[in-house]
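**Q** Keeping their order, the protein sequence lines are chains A and B.
Each residue of the first sequence is one higher than the last, beginning at 93 in this note's numbering.
Each residue of the second sequence is one higher than the last, beginning at 149 in this note's numbering.
Hints may be right or wrong, so weigh each one.
As the list claims (entries may be wrong) - In the DSS-like style, the derived pairs of lysine-lysine whose C-alpha atoms are separated by at most 25 Å in a straight line are:
(1) Lys126/A - Lys385/A
(2) Lys124/A - Lys99/A
(3) Lys265/A - Lys220/B
(4) Lys169/A - Lys154/A
(5) Lys169/A - Lys222/A
(6) Lys207/B - Lys222/A
(7) Lys169/A - Lys344/B
(8) Lys222/A - Lys154/A
(9) Lys154/A - Lys344/B
(10) Lys265/A - Lys124/A
(11) Lys124/A - Lys169/A
(12) Lys294/A - Lys169/A
Keep in mind that the hints were calculated from the coordinates and are not lab data.
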Amino acid sequence: MTLLEVKDLKTHFFADSGAIPAVDGVSFSLEKGKTLGVVGESGCGKTVMSLSVMRLIAQPGKVVSGEIRLDGVDLLKLSNAEMCDLRGADLAMIFQEPMTSLNPVHRVGAQVSEAIRLHQGLTGAQARAKALEMFELVGIPDPARRMWNYPHQLSGGLRQRVMIAMALSCQPKLLIADEPTTALDVTVQAQILDLLRELQRKTQMAILLITHDLGVVAEMADQVSVMYTGKVVEYGHVFAVFDRPLHPYTQGLYRSIPSIADEERKRLHAISGVVPNLQQMPQGCSFWPRCEKAHDVCRVRRPPLVEAEPGHWVSCFLYGGEEVAASGE
Amino acid sequence: MNHMAELSEELELQGTTFLGDVWTAFRRNRLAMAGVLLVLLLLIVAVFAPWIAPHDPYKVNLTDQFLAPGGKYWLGTDMYGRDVLSRIIYGARISLVIGLVPTLVSTAIGTLLGMTAGYFGGRTDGLIMRLADIVLAFPSLLLAMVVMYTLGASLINIFIALSIVGWAGMARVVRAQTLSLKEREFVEAARAAGVKPWVIMRRHIAPNCLPQILILMTLAIPGAIMSEASLSFLGVGAAPPTASWGLMVSNGREYLLTAYWNSVYPGFAILLTVLGFNFFGDGLRDALDPFLKRQ
Numbered sequence: 093m094t095l096l097e098v099k100d101l102k103t104h105f106f107a108d109s110g111a112i113p114a115v116d117g118v119s120f121s122l123e124k125g126k127t128l129g130v131v132g133e134s135g136c137g138k139t140v141m142s143l144s145v146m147r148l149i150a151q152p153g154k155v156v157s158g159e160i161r162l163d164g165v166d167l168l169k170l171s172n173a174e175m176c177d178l179r180g181a182d183l184a185m186i187f188q189e190p191m192t193s194l195n196p197v198h199r200v201g202a203q204v205s206e207a208i209r210l211h212q213g214l215t216g217a218q219a220r221a222k223a224l225e226m227f228e229l230v231g232i233p234d235p236a237r238r239m240w241n242y243p244h245q246l247s248g249g250l251r252q253r254v255m256i257a258m259a260l261s262c263q264p265k266l267l268i269a270d271e272p273t274t275a276l277d278v279t280v281q282a283q284i285l286d287l288l289r290e291l292q293r294k295t296q297m298a299i300l301l302i303t304h305d306l307g308v309v310a311e312m313a314d315q316v317s318v319m320y321t322g323k324v325v326e327y328g329h330v331f332a333v334f335d336r337p338l339h340p341y342t343q344g345l346y347r348s349i350p351s352i353a354d355e356e357r358k359r360l361h362a363i364s365g366v367v368p369n370l371q372q373m374p375q376g377c378s379f380w381p382r383c384e385k386a387h388d389v390c391r392v393r394r395p396p397l398v399e400a401e402p403g404h405w406v407s408c409f410l411y412g413g414e415e416v417a418a419s420g421e
Numbered sequence: 149m150n151h152m153a154e155l156s157e158e159l160e161l162q163g164t165t166f167l168g169d170v171w172t173a174f175r176r177n178r179l180a181m182a183g184v185l186l187v188l189l190l191l192i193v194a195v196f197a198p199w200i201a202p203h204d205p206y207k208v209n210l211t212d213q214f215l216a217p218g219g220k221y222w223l224g225t226d227m228y229g230r231d232v233l234s235r236i237i238y239g240a241r242i243s244l245v246i247g248l249v250p251t252l253v254s255t256a257i258g259t260l261l262g263m264t265a266g267y268f269g270g271r272t273d274g275l276i277m278r279l280a281d282i283v284l285a286f287p288s289l290l291l292a293m294v295v296m297y298t299l300g301a302s303l304i305n306i307f308i309a310l311s312i313v314g315w316a317g318m319a320r321v322v323r324a325q326t327l328s329l330k331e332r333e334f335v336e337a338a339r340a341a342g343v344k345p346w347v348i349m350r351r352h353i354a355p356n357c358l359p360q361i362l363i364l365m366t367l368a369i370p371g372a373i374m375s376e377a378s379l380s381f382l383g384v385g386a387a388p389p390t391a392s393w394g395l396m397v398s399n400g401r402e403y404l405l406t407a408y409w410n411s412v413y414p415g416f417a418i419l420l421t422v423l424g425f426n427f428f429g430d431g432l433r434d435a436l437d438p439f440l441k442r443q
């Protein structure tokens, strides 16, 4: 059952020097109880995409077109007040920096209770009891005491657990996790990912996992969407994309992962060139200046997203969408 | 009971508290402690004025005009034979109220408008801040005088005049603070949790502005006391026979050479009070500074 469906989402930022297409026609769908991993390097539009789904894009940014359907309801058509009621209730979000996502002047228990009281209409005491329950659920040791702590008294891992407790307190249908483990060390990262997976099994929520860590995606995601310069370049089941990466950019990403198996000290592979400035995007495919397999047609036309194999979509002329074979050699 | 439990819990968990750290830093500052003592002295004198004052401050005694300090009247008498010391003691009440009320009112207005401007931005911001600019463009004493001339001399009108003059500076500081706070992740997290703008301002932004607001308040109080003294001196402040320090200085200035105590001692009281609040405010700022920097 499809829970979230995003169609041709475009979010632009309007600077003095012109519009910057941070998200440029992104489409995907996400089923209940499943996880979609969104990967891509810094600045590719992952975070802007997720904030667009939450409708938290602030001036000078704006969602210019597209549809975001949650359970069939187009979020972009809701009023601000309706959207505000959905946030935290049906849609929840956890952030990259657990150090700064909690208000330093309030006790963590009070912050979680606040979110609960806001959406579930409980009294203060009931909300505190529920918060305590959530603290237990996310595996915070000695929860009754920790409730009275201020954020600075907790470690990064504990803070992220508090954030997860807050996000999950109202049983959201969709959890957007924007680099939830980037700021944590590796062992804590594994614990948090385990926790998210376990909670997903219990609550059947869908997770939109934003990350630049391919390892995290491999561990967590069912579907993967690879983004580059605000566009999806490859999309499919995690096994398909990991086993047979089709887009030259995805292939480049995989080759950039250092391998322990390599005996000799090889130089690490890097994708040559730099990400183009979003305001001075090359004509045609945005990846061609860095692409080893670029053809003439890539410089002129933008490749459409085509289904190269069942359920595995790619935006590259190497896999059809245009008479590539004819123009290439 | 709950509060005590919280406090002991906290002591157990961390050893020092935020307020504890601030107090430690504050206590090391001798000037600040002197300031606190002066402020406390003012408070005690104001509260217990009827018990402390040796004479009735309003009792006219024409046989005792312009008596020099000493004897029955420690600080002498004025042109109506009223005891200067008793009038200074009662004046402490006026000065304290004058210091506190307009400061509280302008802080409330300034904080509310500053947060609104900073949080919503755009036209709201433009409108509120231009209004603040207009207020700040006038010399504040002049503006207060204009208000006083229009409304007439009375205590309530002094509150109104000083509140009108005072909110703009507060609004500017709070707005700047709000601008930086609203970009912080915990505010974004609150928005993502569906918290409404007014609740975000009250729960997440206002408490984080508190150190700045407190500092500004301790510095605004002596400002208000000075302004009242100036207004009264210029004849548009407190109405006679109110025992206001500014008024006393003003009334005594004609006899400065023959009966200096009429002006000098009330002036001295103003000096000590303003100095006390300023030392207190500076000390508070220095004590809170590491916490401000940490943000």
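**Q** Indicate, hint by hint, whether the structure satisfies it.
**A** Hint by hint, here is what the structure shows:
1. Lys126/A - Lys385/A: Violated. Lysine 126/A to lysine 385/A sits at ~34 Å, over the 25 Å cutoff.
2. Lys124/A - Lys99/A: Within the cut-off at roughly 17 Å; holds.
3. Lys265/A - Lys220/B: Measuring from Cα to Cα gives roughly 83 Å; hence the hint is violated.
4. Lys169/A - Lys154/A: Holds - the C-alpha atoms of lysine 154/A and lysine 169/A are around 14 Å apart, at most 25 Å.
5. Lys169/A - Lys222/A: The given pair, whose Cα atoms are some 32 Å apart, is violated under the 25 Å limit.
6. Lys207/B - Lys222/A: Answer violated: lysine 207/B to lysine 222/A is near 66 Å, above 25 Å.
7. Lys169/A - Lys344/B: 19 Å, holds
8. Lys222/A - Lys154/A: 36 Å, violated
9. Lys154/A - Lys344/B: Holds - the C-alpha atoms of lysine 344/B and lysine 154/A are around 20 Å apart, at most 25 Å.
10. Lys265/A - Lys124/A: Distance ~8 Å between lysine 265/A and lysine 124/A Cα, so the pair holds.
11. Lys124/A - Lys169/A: Roughly 22 Å separates the two Cα atoms, so the pair holds.
12. Lys294/A - Lys169/A: 31 Å, violated
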